[in-house]
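Visitor: The lines below spell out each chain.
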Amino acid sequence: DGGITQSPKYLFRKEGQNVTLSCEQNLNHDAMYWYRQDPGQGLRLIYYSQIVNDFQKGDIAEGYSVSREKKESFPLTVTSAQKNPTAFYLCASSFVGNSNQPQHFGDGTRLSIL
Amino acid sequence: GQQVMQIPQYQHVQEGEDFTTYCNSSTTLSNIQWYKQRPGGHPVFLIQLVKSGEVKKQKRLTFQFGEAKKNSSLHITATQTTDVGTYFCAGQETSGSRLTFGEGTQLTVNP
Numbered sequence: 002d003g004g005i006t007q008s009p010k011y012l013f014r015k016e017g018q019n020v021t022l023s024c025e026q027n028l029n030h031d032a033m034y035w036y037r038q039d040p041g042q043g044l045r046l047i048y049y050s051q052i053v054n055d056f057q058k059g060d061i062a063e064g065y066s067v068s069r070e071k072k073e074s075f076p077l078t079v080t081s082a083q084k085n086p087t088a089f090y091l092c093a094s095s096f097v098g099n100s101n102q103p104q105h106f107g108d109g110t111r112l113s114i115l
Numbered sequence: 002g003q004q005v006m007q008i009p010q011y012q013h014v015q016e017g018e019d020f021t022t023y024c025n026s027s028t029t030l031s032n033i034q035w036y037k038q039r040p041g042g043h044p045v046f047l048i049q050l051v052k053s054g055e056v057k058k059q060k061r062l063t064f065q066f067g068e069a070k071k072n073s074s075l076h077i078t079a080t081q082t083t084d085v086g087t088y089f090c091a092g093q094e095t096s097g098s099r100l101t102f103g104e105g106t107q108l109t110v111n112p
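Just so you know, the protein sequences line up as chains A and B, in that order.
Per this note's numbering, the very first residue in the first sequence carries number 2; after that it's consecutive.
Per this note's numbering, the very first residue in the second sequence carries number 2; after that it's consecutive.
From the structure, some residues in chain A lie toward chain B, with a derived Cβ separation under 7 angstroms:
| no. | residue |
| --- | --- |
| 1 | Gly-43 |
| 2 | Leu-44 |
| 3 | Asn-101 |
| 4 | Pro-103 |
| 5 | Phe-106 |
| 6 | Gly-109 |
What the hints contain is simulated information worked out from the structure, not anything from laboratory work.
Think of the CB as a built atom: it goes at the ideal place given N, C-alpha and C, for glycine as much as any other residue.
The following block holds chain A by itself, in its conformation from the complex (with noise of 0.2 angstroms):
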C-alpha cells in the first residue's frame, strides 16, 4: 500500500549482527503489526503496538525487539540472538476501535545471512 513504506527491499545480515528494518505508516493508524513469514508459510506476529510507547510481544518475539516513540514508526531490529533470521519481514498497520478494522500491509523486506 502506498501508506506503508518499508526499508530496505533487501537486506543481508553477518553473524552477530544486529540489523533494523524500517516502517513507516502515513495512514494516521493507531496499530502497528510485524510479520515474519517463510516460504509457503502464513504471517506470524512478531511484535505488535497499538498506542505510541507501548507494544505487546507476538507468538515470535525472541530475538527481535521493536520501539513505537512515534505514531508514524515501528522499527524492528533483528538481533544476533535471532538465529534462523532469513525471511520475508511485513510490517503492517490499521485503526483500532470497537469496530474491527483491516490491515494494511507494505511491500516487506526480505532479509538474508551472509
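Fit chain B to the supplied structure of chain A, relying on the hints for placement.
Guide: Coordinates of chain B only, in the frame set by chain A:
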C-alpha cells in the same frame, strides 16, 4: 492459544474450474478477514465477515462465515489466471484484538 487452520495448502486448477479454501478456528471468532497475496507481493485485504452465517459476494468470489463463527470458506467460480496467489484467512477472537492468520492456500491456475 488461538489457532487458525486452513486447507488445502495448495490447489492447482484449470482456468474455468471452481476453487474453494476452508478455514477453521480452534476458538469462536468475533470476525474473520480474508486477504490475497499475489506472488512476490504483500497481502491485500479482501473482505470481513462478522455475523453468524453471513454470506458475502464480490463478483466471482463468495465468502461464508459459519453459524458457530468458528469456520469460513472462500469460493471462486470459474477461475481466471488473475486469481493466482495465496489466500489467507485471519481471525479475531474479540473486537480490536490481534489477528491470527491461517497458513494460506496457494492457488495456481493453468490457462
